[in-house]
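A.B. asks: Sequence:
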Amino acid sequence: MCVREVSAFLTSHHLECGFKKNMGCPNALFTLQQVTDYYVQRGSTVYMSSLDASKAFDRVDHTKLFDKLLARSVPICFLRVIGDWYSKLQSVVRWNGVFSLSYTVVCGVRQGGVLSPFLYVDQLISTRLRR
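The opening residue of the sequence shown carries number 1 in this note's numbering; numbering runs sequentially from there.
Keep in mind that the hints were calculated from the coordinates and are not lab data. These numbers were taken from a predicted model, which means no experiment stands behind them. Hints are not guaranteed to be accurate.
Listed below are the simulated DMTMM-like cross-link pairs for lysine to aspartate or glutamate, each with C-alpha atoms no more than 20 Å apart in a straight line [unchecked claim]:
no.	residue 1	residue 2
1	Lys88	Asp61
2	Lys88	Asp67
3	Lys68	Asp84
4	Lys88	Asp58
Taking CB as the label site, the calculated pair distances span [what the hints assert, rightly or not]:
no.	residue 1	residue 2	range
5	Val35	Ser87	41 to 49 Å
6	Tyr39	Leu79	39 to 47 Å
7	Phe99	Asp37	46 to 54 Å
8	Ser91	Ser44	44 to 52 Å
9	Pro26	Gln90	30 to 38 Å
10	Ser102	Ser44	53 to 61 Å
11	Pro26	Val105	26 to 34 Å
12	Cys107	Val46	31 to 39 Å
Beta carbons are placed, not taken as given, at the ideal position from N, Cα and C, and that holds for glycine.
Use the sequences and the hints to build the structure in full.
C.D. replies: Set out below in structure tokens:
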């Protein structure tokens, strides 16, 4: 039963161009260009801003992430599995071929991880659009 419940939350935002087959920056840039051209050709001034969220992946607070997922009514069974994984994250640093002692990772989601779009990117897009 939980798998069916969770699958409803594992769909990325429709405006998200990354992490999807046959999608990426060219699609997003094409859309930006088309929208800009549309308004400029009709005499409007177009203002743009951008956000580089690549560093934000490393700074996501796990507690806040899970609070937001809970607020989105993500099934508890899924949150327990993800919470268990995240509570056991360990990392090491390799420098000049020498490894550091391991340490516990207390924040961040993996860039390029298969769950990252669902855990973080979708939330980032949704939050930006509501403002």
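A.B. asks: For every hint, state whether the structure bears it out.
C.D. replies: Evaluation of the provided hints:
no., hint, in the structure
1, Lys88 x Asp61, "holds (15 Å)"
2, Lys88 x Asp67, "holds (18 Å)"
3, Lys68 x Asp84, "holds (17 Å)"
4, Lys88 x Asp58, "holds (16 Å)"
5, Val35 x Ser87: 41 to 49 Å, "holds (42 Å)"
6, Tyr39 x Leu79: 39 to 47 Å, "holds (42 Å)"
7, Phe99 x Asp37: 46 to 54 Å, "holds (52 Å)"
8, Ser91 x Ser44: 44 to 52 Å, "holds (48 Å)"
9, Pro26 x Gln90: 30 to 38 Å, "holds (37 Å)"
10, Ser102 x Ser44: 53 to 61 Å, "holds (55 Å)"
11, Pro26 x Val105: 26 to 34 Å, "holds (33 Å)"
12, Cys107 x Val46: 31 to 39 Å, "holds (36 Å)"
Comparing the model with each numbered hint stated earlier shows that all of them hold.
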